[in-house]
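**Student:** Just so you know, the sequences run in chain order A and B.
With my numbering, the residue at position 452 of the first sequence is 452, and numbering never jumps.
With my numbering, the residue at position 58 of the second sequence is 58, and numbering never jumps.
Hints are not guaranteed to be accurate.
Unchecked claim - Derived lysine-lysine pairs resembling PhoX-like cross-links, with alpha carbons at most 20 Å apart:
{"hint": "1", "chain 1": "B", "residue 1": "Lys-473", "chain 2": "A", "residue 2": "Lys-109"}
{"hint": "2", "chain 1": "A", "residue 1": "Lys-107", "chain 2": "B", "residue 2": "Lys-347"}
{"hint": "3", "chain 1": "A", "residue 1": "Lys-560", "chain 2": "A", "residue 2": "Lys-528"}
{"hint": "4", "chain 1": "B", "residue 1": "Lys-347", "chain 2": "A", "residue 2": "Lys-592"}
{"hint": "5", "chain 1": "A", "residue 1": "Lys-708", "chain 2": "A", "residue 2": "Lys-853"}
{"hint": "6", "chain 1": "A", "residue 1": "Lys-109", "chain 2": "B", "residue 2": "Lys-430"}
{"hint": "7", "chain 1": "B", "residue 1": "Lys-347", "chain 2": "A", "residue 2": "Lys-114"}
{"hint": "8", "chain 1": "A", "residue 1": "Lys-528", "chain 2": "B", "residue 2": "Lys-473"}
{"hint": "9", "chain 1": "A", "residue 1": "Lys-560", "chain 2": "B", "residue 2": "Lys-473"}
{"hint": "10", "chain 1": "A", "residue 1": "Lys-228", "chain 2": "A", "residue 2": "Lys-649"}
Since the hints were derived computationally from the structure, they do not count as laboratory data.
Below, each chain spelled out in residue letters.
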Amino acid sequence: MLVLVAALGVAIHARQVQPAPQAQAMTAEAGTPEFFEVRVRPILAANCYDCHTDNPKAGLRLDSREAILKGGASGPAIEPGKPDESLLIKAVRREPKAPEMPSGRPKLKDDDIKALVDWVSAGAPWPASTPASAAKPAMTITAEHRAFWAFQPITSTPPPAVKDGSWPRTGIDRFILARLEREGLRPVAAADKPTLIRRASLDLTGLPPTPEEMDAFLADKSPTAFDKVVDRLLASPRYGEAWARVWLDVARFAEDDYRSLDPSGRGFASYPNAYLYRDWVVRAFNDDLPYDQFVKAQLAADLLDEPSRVRHLPALGFLGLGPWYYDNGAVEITRADERNDRVDAVSRGLLGLTVACARCHDHKYDPIPTNDYYALAGVFLNSPYHEYPLAPKTVVDDYKAQEKKIEKKEELLGEYLSRESKQLAETLAFQSAKYMQAAWRVAGEPKADKARTVDAQKLDYELFDRWLRFLDKPPAFYPFLKAWQELVKAGGTAAEAKRLSEQFQELVLDVLLEKRAIDEENDIIRAKALPGTKKKERANLPNEFITNDDFCPGCGLELKSLPNERMNLWTDVFARDLDSMVVAGQDPTRAKSALLVFRGWGLERQLGPDRRSLIESLRADIKTMRDALPEKYAYIHGVRDIEKPVDLKVSVRGSAFRLGDEAPRGFLSIFSPGEPLRFTRGSGRLEMAEAILRQPIAMRVMVNRIWKAHMGTGLVDTPSNFGKNGERPTNPELLEYLSQRFIDHKLSIKALHREIMLSAVYQLSSATLPANAEKDSGNRLYWRAETHRLSAEQIRDAVIAVSGVLDTRMGGPSVPLTPLSGRRTIYGKVSRYKLDEFLQLFDFPSPSQSAEKRFATNVPLQRLFFMNSEFMQQQAERVAEKIRAEKDDTARIRKAYRLIFGRAPTPAEEAAGRQFLSVEPMKQYEEKKAEQVKAASADKASKPAAPAEPPDAADAGPPGMMAGVTPGAGALGDDKEKLPVTVLGRYVKVLLSSNEFLFVK
Amino acid sequence: MHKGPPPVTRRDALCRIGGGFGMMAFASLVGDSLAAAGFDARQATGGVHHPARAKRVIFLFMNGGLSQVDSFDPKPALTQYHGHPLPGGQIATERKTGMLLKSPFTFKKYGQSGIEVSELFPYVGECIDDICVVRSVQTDIPNHEPSMLMMNTGHTQAGRPSLGSWLTYGLGTENQNLPGYVVLCPTMPTTVGPPLWNGAFLPAVHQGTFIPSKVERADQIIGKEFDPKKLIQFIYNKDFALPEQRRELDLLARLDQLREVAEPRDPQLEAALKSMEVAFRMQTEAPEVFDIRKESEATLKLYGSGSTARGCLMAVRLAERGVRMVQVYYAAGDPWDHHADILEHRKNAKDSDQPFAAVIKDLKSRGLFKDTLVVCGSEFGRTPVVEVGAGAGSIQNGRDHNPFGFTVWLAGGGVKGGMTYGATDDFGFKAVENPVHVHDLHATILHLLGIDHTKLTYRFSGRDFRLTDVSGKVIQDIIA
């Protein structure tokens, strides 16, 4: 490399001094295929191929040596070995008389030009392996590709023989033990019963066992005691609430998108009925919906036969709630990005293959040609967003009709008011001279009294005030008040004031008329420019904003305007106050209204009783209609097939603007021995679902997800990547066995849970063995149980379960996770725009993309949450309420341990607790606090409740678990009473923050 | 023998090292085996791939779009041809534009370098010999949201990790008592908001932490009601004081110890205890950083007044304490977006000029300037032609968005001072000399922090993601 650099250095130097000596300064490197691929081809591709390939400008193609030598209208593009005579070089050097290339772009960088020169000097070699066309030949799928483990049929072998026949309980155990024995490892002892039931309960339901459940299990000495526990947990509705989340991570479930050009203006577009999909997933787990139906419903519920169709329609949220991106000015790219999301979620989520990698080029590791990507993406091209109302058509139609009526009325009222406002302003303009003269009297010498002047002249007090301010301000935007201000300053005579004020009034009226004339002209311009005169009706669907014009029709039009200064005067008098617009700066909402513009009450009080009562009655009408409007029916956010399906063209190198051959909708080539399977029914979604489910890899992927969720690590610990770059299974035979059992049990997920949990390996303790740790520190062979921190959902749900706040109602619209809300965490709002801070703090995955695993970090901010959050303190106080009545501290401590840990405290633990509870300053503190609370509540009772200060709208976002610490966000939620802080509550909080509570062994 | 992965792989370690608060997570997983995780280089030289020139970044963001031809990129031809059409025909931007519009502001040469700066930034002008003015920055789309996202995350759609997240992910933290990446703005800096400081698929600790920097009164930098404790979540307990809380933690430690007698020690559990101690200390240390009341009268004066002044001073204090990246946004919305009247730049510049210069001066006096990189700019620039569409309002003295060529300036942290780099055409519309795409800017920033932008990757969804996607080129010429 050094040689190359040095040699090139010489070449450059030589060229600067005199015309380059041709061909001799080149090096072997400049002629190598590497040099071409690394330096030359990228320059050509980035700068020339927009024009000089498929659509060759001037007849010139630059994508093969032959084409370059053949050249275009101006002759050959290069003379091999002679850069200075080559047109291409002259063009990029921008030599006179040569065409300026790249056209319309900046000159190439010097070192890029240098690379081209060196390449031409070296004879412009074009590596033989690269084909003439920009599109490479389709990747061929080889026998070696097909031999990859993940694509093999499931080959289940019977559980192997093991040396220690006493340990295994199930087939799973024999696979595990055989592997351990092979490595000379042995499993640790089994977990004790309290550990086991806590593990199983949190695992299956996300909640710790109640003391009663703990007692029952400990008392049950039968050999099937644990089987009964597993069955009970699997039958609990709480099970689906916990396990749905495992799938929702994969499904990148969220209830909004970040799209700032959203009509609601909140910076994100929410999907109000996203919960229907979440509830469907909960139900699917609780009903043990077989996995094939589970998948088919999510990809193609709308294409299923009745009654499955209706039952599973909400499942379409898997596709319908995927991100619909903000249109950023390149619609093609945006839509392509959306399809990329669907391909990614489906392929990684269901097949463990990273098909999205093949968007720009053939997959670098796996046998997935770019063509396959577009064959799948085509399915989603034909499946746009669609809303399915969950109400009969008549209800939907009625609702829409009523809503429209209300909107019409509101529009009428708005128009009426603005017309009145305009008319009033115009009327007031005729009084300009009168007000100015009055102002002169008040401002001049001798100063007339303001109130008296108002009375005497029959002026409007507010308007007069506005005039005074208006006439007083320095004329920043127009010079028209200059004479007047000089007059006032100098004193002047009443006659002069009269003259100047009349002049000004004349001017204001002139400007008003000119503006009217211009407006009429502009109306015509608009009418001509916007096809049809009807505004596009906004449906507020995700992919509705196609262009900027949709967002702001007519914004791009070149409209006429008055000359600057006159326009400014018009604005200041009839539209909005210019000075305050500028001063407002950081807060445009603070802009004041224009001199003569009155709105709201300021307008109405000037309208006279008749028109006022008309407005009143219109308002009352609208309110009555609004009140009569039933709550809006729910609808499903899904997709549906378009009528005439079309295929996508391959985007060459991923560019949405460079299209190659058509890629007929179909399945991945690797899964068919010959030609890839084509989809022919509509978009092909149902066929795609069926094709996926026929693949053994799909079974392995799901089985592995379930295994990982139970055991901490997967047999393949890259659960969404079973490709070449993913892991190989640590115990392949076990993965095969589990997949086969899954199939044998008709794809029942509950059966799989049972199979896993009843094994000895699931029931191991979390103890360690130095000899094992030495060899397999990551416990990838499962010789013990993993200790792990509870997930975000488990932490919150476990705390509210212990405190008794837990509300077991299921489903429905999402709620903010306020400190005292009793709803399970799965029912909290999931936002792509701004993820709930509590969820984020405890490693909830970003819902923008399908997540395969969660981290479990341990950061100080989490500890601050346990120490200082309203949530922890208030929940702890609720536990304290339950135990306060006990006879003494020892009894309270025992009860607390029973509720929180399901066990009795040791004497040392009791002693530590007693000491904490008995220390004197704390008692004083508590008493002091109690007094404060009393005083505060008495205070509150005597005063009418002041409205809470509204949180800063831009900052606050929805109230969440973080409420109560941020100033302004005080909502506790669910109108539960806030309890005073007590010593006992603080003690309980310590227990709830302990490792014993926050980790599962 | 089956070789299970070590307790942490290098990637896992990388995933977990913290921006600030995250360091404990890292330590909890790898113990003292930083070297084992491949971090010798970082320890030794302060850079991951090569020695770092800067340890931290302060990014001053004039969101909405500063007009380059009215600030740092003087164009006499604009004055000369004011009112004429743009030679060579219109260039399409977001909205309709008309004739060339001269700058209403006068330019003046500053410093030894004689670089011209407009009357909008006299204080910054005084510092010009410390500044490298890059006049040829380019971005992709003339719309705020995609361009804000591009400048922050290197991609025009929301959902990629932002620059600050990449930095904390790549470099970890120097102060585990503070977040590694802090975003300051008077109120939530939408229109885009949180996606701008998102960690996306990086572990959650790399998320930026938003702290409001709104002043109580516009003509002050500190108001009576200022309370630094209220700025950070959970940083204090409103019900009791630290000694009382200490007793809670002692009890907790005792109870956890009692459990561990019975069972073997698990490193995760031990880490939880350590992290609690850090949290306890944070309660006093973190609010202290934001407590600008601790600064001398002279320092406060240096910054002037208003939210930007406060944000800038906080930024320097955070940098001083090892925070990896601090961003200071001007205000919520797109406050620099002056479609209607470019004169409105005057107010914004008045709020910003003195604090920006103060950042440079203050960093110098604290001895931080040489290893703190200051970046100052907008998501895009503005057109040299006047905007005439209906959106231009009634004044028609403003400029539209311009992604083709605009100015970003850098200072400190290994960047040459007193130089300009790149150039726009005669009218300031398009970059014609040494164009610098936002990816190139990012590549350069990472380079200065000791990171090779092609090697700082994160595998997600089967792909190695980078801040600079598949492009980016380090601008060697501006590196001192």
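**Student:** Now tell me if each hint is right for this structure.
**Tutor:** Okay, the hints, checked on the actual structure:
no.: 1; hint: Lys-473/B / Lys-109/A; in the structure: holds, 12 Å
no.: 2; hint: Lys-107/A / Lys-347/B; in the structure: violated, 38 Å
no.: 3; hint: Lys-560/A / Lys-528/A; in the structure: holds, 14 Å
no.: 4; hint: Lys-347/B / Lys-592/A; in the structure: holds, 17 Å
no.: 5; hint: Lys-708/A / Lys-853/A; in the structure: holds, 9 Å
no.: 6; hint: Lys-109/A / Lys-430/B; in the structure: holds, 16 Å
no.: 7; hint: Lys-347/B / Lys-114/A; in the structure: violated, 47 Å
no.: 8; hint: Lys-528/A / Lys-473/B; in the structure: violated, 47 Å
no.: 9; hint: Lys-560/A / Lys-473/B; in the structure: violated, 45 Å
no.: 10; hint: Lys-228/A / Lys-649/A; in the structure: violated, 56 Å
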